[in-house]
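Undergrad: Sequence:
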Amino acid sequence: MAAVSHGPTPPHSHATSSSGPHQTSVDDIVHSFEEADQHEVSLAGYQPEDWICLGIFWVMSGLVFLQFFSRYVLNDSFAWTEELAVYCLIGVVFLGAAMCVRACRHIQVDFLYRYLPKPVGRVLATVIDILRTVFFGYAVWLTYRYIVLVGDEPMTTLFWNKSYAYWLALAGFAMMFVRSMQVSVQNWRQGYSILENPAAYESQD
1 MAAVSHGPTP PHSHATSSSG PHQTSVDDIV HSFEEADQHE VSLAGYQPED
51 WICLGIFWVM SGLVFLQFFS RYVLNDSFAW TEELAVYCLI GVVFLGAAMC
101 VRACRHIQVD FLYRYLPKPV GRVLATVIDI LRTVFFGYAV WLTYRYIVLV
151 GDEPMTTLFW NKSYAYWLAL AGFAMMFVRS MQVSVQNWRQ GYSILENPAA
201 YESQD
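Counting in my numbering, the sequence shown runs from 1 upward without gaps.
Any given hint could be a false lead.
To be verified - Pair ranges (Cβ atoms, derived): (1) Glu153 / Leu124: 41 to 47 Å; (2) Asn197 / Val86: 38 to 44 Å; (3) Ser61 / Tyr164: 14 to 20 Å; (4) Leu54 / Tyr164: 16 to 22 Å.
As the list claims (entries may be wrong) - List of simulated lysine to aspartate or glutamate pairs, DMTMM-like, C-alpha gap at most 25 Å: (5) Lys162 / Asp50; (6) Lys162 / Asp152; (7) Lys118 / Asp129; (8) Lys118 / Glu202; (9) Lys162 / Asp110; (10) Lys162 / Glu82; (11) Lys118 / Glu196.
Hints were generated in silico from the structure; no laboratory data involved. All residues carry an ideal CB built from backbone N, CA and C; glycine is no exception.
Input sequences plus hints: build the corresponding full structure.
TA: Here is the structure:
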């Protein structure tokens, strides 16, 4: 039977137990910053709709700031800033939706694919790709028809046609249609989609 020591515990053992396994030292923090500096920033993954959406977003932000400034600082609100900001938001939403189509980041339910046989899941995913692409193509046609009908209506606070905002929506749907076709072809070539194999897309997050 092993002897039990009742002597005093060495001082360094208290320091080890009190620090705990989850305590981060200053050296570790400094080292993490050094590793972050070594990462190179790459803009290769961005596409034209990303930059256009970013530009419209900053224009919208400037209009919102001007709205607050004119209302609370100058005490004389510029009414046209609010309307233009809303139309800029339309561009951000629809062009941003095209970005999500390209990156397969729209809301989707993949729970069913866990229990389907692989061939059945492949067929169902292909049908969904086709239906999605057809829907975006139909939305392009509907938006164009809407522009033809009401595109000449003037804005409320400016003498501009509302068709400018509607053309942004049309451009967004057209880009969604193109990106949906590209994603569908890619899914067909690689033999799976994000619905069937979500883990393969985790590296894009």
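Undergrad: Give a verdict on every hint.
TA: Verification of the hints:
About 43 Å separates the C-beta atoms of Glu153 and Leu124, a value consistent with the hinted range of 41 to 47 Å. Take Asn197 and Val86: their Cβ atoms lie about 39 Å apart, and the range 38 to 44 Å holds. The hint said 14 to 20 Å for the Cβ distance between Ser61 and Tyr164, and at roughly 19 Å that hint holds. Hint check: Leu54 to Tyr164, Cβ distance near 19 Å, so the stated range 16 to 22 Å holds.
At most 25 Å may separate the alpha-carbon atoms for a hinted pair to count; Lys162 and Asp50 meet this at roughly 24 Å. For the suggested pair Lys162 and Asp152, the alpha carbons sit about 7 Å apart, so the restraint of at most 25 Å is met. At roughly 16 Å between alpha-carbon atoms, Lys118 and Asp129 fall within 25 Å of each other, so this suggested pair holds. Simply put, Lys118 and Glu202 have alpha-carbon atoms about 20 Å apart, close enough for the 25 Å limit, and the pair holds.
Taking the CA atoms of Lys162 and Asp110, the gap is near 39 Å; set against the 25 Å cutoff, the hint is violated. Between Lys162 and Glu82 the alpha-carbon distance is near 14 Å, which keeps this suggested pair within the 25 Å criterion. For the suggested pair Lys118 and Glu196, the alpha carbons sit about 8 Å apart, so the restraint of at most 25 Å is met.
Taken one by one, the earlier hints fail for this structure only at number 9.
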